[in-house]
Amino acid sequence: MSNGHAPGQADGDAHASTNSDAGSDALPLLSPSIIGVEPLDEFIREVADFIHYHISQRPQDTGGVIEVEAKIGLLKERAGGQRLQLPVLVESIIAPNMMDLRFESNMSARQHQHFNILLNKLKLEKPEMNINYEHLHLIDNFYAPESGRGEKLRVTRDEKTGEVRACMRKIRLGNLDIFCPKRSVDWRISVNMEIPVPPPLGSPTHSRKKDRLSYTHQEFAIDLTQVTATSGPNSKPEILHELEVELRHSDYLLMAAAKRGLPEYSVAEQNAFDELVHAFVNNARILCRNANPATAGDGR
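Numbering (the working numbering), first residue to last: 6 to 305.
Check each hint, because a few of them may be wrong.
To be verified - Derived CB-CB ranges, DEER-like: (1) 31 / 115: 29 to 37 Å; (2) 171 / 207: 17 to 25 Å; (3) 234 / 31: 23 to 31 Å; (4) 81 / 115: 14 to 22 Å.
Just so you know, the hints here were simulated from the structure itself, not pulled from any lab data. Using N, Cα and C, we set each Cβ at its ideal position, and we do this for glycine too.
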């Protein structure tokens, strides 16, 4: 790991509060501000407002579930393909639809291995965190929609047993891009709906194999996936390495969103949605800050 940490130790840029000269020279306890309260974190509020808006505006008659995920990758200019450069010094949210950008959800094989080692060490060395682990081998087959328009249908099967794990259509509700000038990666938050559909007829338009390491902790899943994608029978397979954080429980997310800020509920219930988003953002930030700079450009 970089930044002086031992290998495998997560870097959260945290600073321990210490005082080696405790006693008469101890620093006074400071008020968080002149009015005694902590100022609102506008970054967290912006992300929470974005997710809450798209949840509130979702189609109500589809019977699907909400998917909220943060993917690690790079923001690139569409014209030249170069990584985005902005005159900012710290992590910044990009206003939607204001720049011609694409998000590349990929990393090098060495970065993929780096995260695998880090997450495995957390599971083995911190049992109190109750991190669960699952190794999945999945195949996604994509089918054109029956109407010829709209999102493709996806059938996901277990590669070993053939069991159908999902048969659905994804509706993309919104993306929010975060540029990280001090890091080797950026990240994107996506809000989608996954709508169950009957098994499609005909042949798939393309497919992908997913070798996925899935780590779950509390309300979150961190998926580290090697994707082998093919666009046709004679096309050369493309291998990608992806990392994403996903909110695990759609029902809890919707319940917390419905109570957000409403005075008839307890303060804890009113704030549950924003607290959930805060932890979600923290997980994405920790992953970004532990993308090993020494291997960031390898294989891109």
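Taking the hints in turn, this is what the structure says about them:
1. 31 / 115: 29 to 37 Å: This hint is violated: roughly 46 Å between Cβ atoms.
2. 171 / 207: 17 to 25 Å: holds, 18 Å
3. 234 / 31: 23 to 31 Å: Since the Cβ atoms of residue 234 and residue 31 sit about 59 Å apart, the hinted range of 23 to 31 Å is violated.
4. 81 / 115: 14 to 22 Å: holds, 20 Å
The structure shown violates the earlier hints numbered 1 and 3.
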